[in-house]
Amino acid sequence: MKYILGLMFVLSLSFGLVYQSFRYQSTAGLFEDDYDLLFDPARICEIEGSRVWTSLSNLVTGNENLFSNGSVPYILVGGKTNFGKFYPGMVYDHSVDKTALGTGLFDPNGNEMYGDGKLTIIDWDDTDNNGSYDRRTTRTETRSAYEQMKDNNVFLGVGYKLDNLRLGLGYLRVDNKFIVTDPLNNFTYEYTIEDLNTNSFTLINRAKFSGDDNTNYGENDILFSIWKDMEKMSLGLLAGFGLLNYGNKANIIGDS
Numbered sequence: 001m002k003y004i005l006g007l008m009f010v011l012s013l014s015f016g017l018v019y020q021s022f023r024y025q026s027t028a029g030l031f032e033d034d035y036d037l038l039f040d041p042a043r044i045c046e047i048e049g050s051r052v053w054t055s056l057s058n059l060v061t062g063n064e065n066l067f068s069n070g071s072v073p074y075i076l077v078g079g080k081t082n083f084g085k086f087y088p089g090m091v092y093d094h095s096v097d098k099t100a101l102g103t104g105l106f107d108p109n110g111n112e113m114y115g116d117g118k119l120t121i122i123d124w125d126d127t128d129n130n131g132s133y134d135r136r137t138t139r140t141e142t143r144s145a146y147e148q149m150k151d152n153n154v155f156l157g158v159g160y161k162l163d164n165l166r167l168g169l170g171y172l173r174v175d176n177k178f179i180v181t182d183p184l185n186n187f188t189y190e191y192t193i194e195d196l197n198t199n200s201f202t203l204i205n206r207a208k209f210s211g212d213d214n215t216n217y218g219e220n221d222i223l224f225s226i227w228k229d230m231e232k233m234s235l236g237l238l239a240g241f242g243l244l245n246y247g248n249k250a251n252i253i254g255d256s
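For the sequence shown, position 128 matches number 128 in full-length UniProt numbering, and the numbering has no gaps at all.
Worth flagging that the hints you see were computed from the coordinates, not collected in a lab.
Take the hints with a grain of salt, since some may be wrong.
Here are the in silico distance ranges between beta carbons for each label pair [to be verified]:
(1) F224 / T54: 21 to 31 Å
(2) T138 / G104: 11 to 21 Å
(3) G49 / F224: 19 to 29 Å
(4) Y133 / L203: 17 to 27 Å
(5) N248 / D126: 45 to 55 Å
(6) N251 / I75: 25 to 35 Å
Taking lysine-lysine pairs in the DSS-like style, the calculated list, with each CA pair at most 25 Å apart, reads [as the list claims (entries may be wrong)]:
(7) K98 / K177
(8) K228 / K85
(9) K228 / K98
(10) K98 / K161
(11) K118 / K98
(12) K208 / K161
(13) K118 / K208
(14) K177 / K249
(15) K161 / K85
(16) K228 / K161
(17) K177 / K150
(18) K150 / K98
(19) K249 / K150
(20) K249 / K98
(21) K85 / K232
Where a beta carbon is used, it is the ideal one built from N, C-alpha and C, also for glycine.
Based on the sequences and whatever the hints tell you, model everything.
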């Protein structure tokens, strides 16, 4: 049976979910998988039986150790079933793309430190030129530099099947966060002088700053689709509207 989509009008341009199957992508859209039908709610009725989709990937609740200055924990889970003439389906995905950036600090070999860096410089002084050190000056600096992209997305849909007519309603929630940890705003610095003759310490300078620049993007979309089945073809309509929200804020706390 041939399928003709008469009109498609969806406001969402930043669809966070993986909404195309590998089969669909690898064949340049020539062949669809059951997963592809999910996002046109009226076509959920075409998926036979019950289905479970999963990324078979890793899900972590804490910070994952970075490999080669990057880490992408990702999980996708979804499914579809039917209750009489109703065909509900859903899919949820979550990912955290974390990349370590250059801190501007360099190790003794001249290599820049990425992610979290710590540099300590110690100078020894013989102030009276008697061959023994009288003073030790210590400068210690740490910096953090990262970029993170956090995605939480969910799609819920239900199809309803009549004799030669299929109706569908769907809801999409997109929640994206882009977090920048700037080394110029995430650092500690301490400068001390130690008198080795009297074993006394003098704090010359100290500073500590921390905080991130956060950009948030949210989207709530409602989708409606209808398909009319005829003898040799089907005609369909997919429409939708969305509510978008965007915000940026930086929370930097420090003292010096």
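Hints not upheld, ascending by number: 9, 10 and 12
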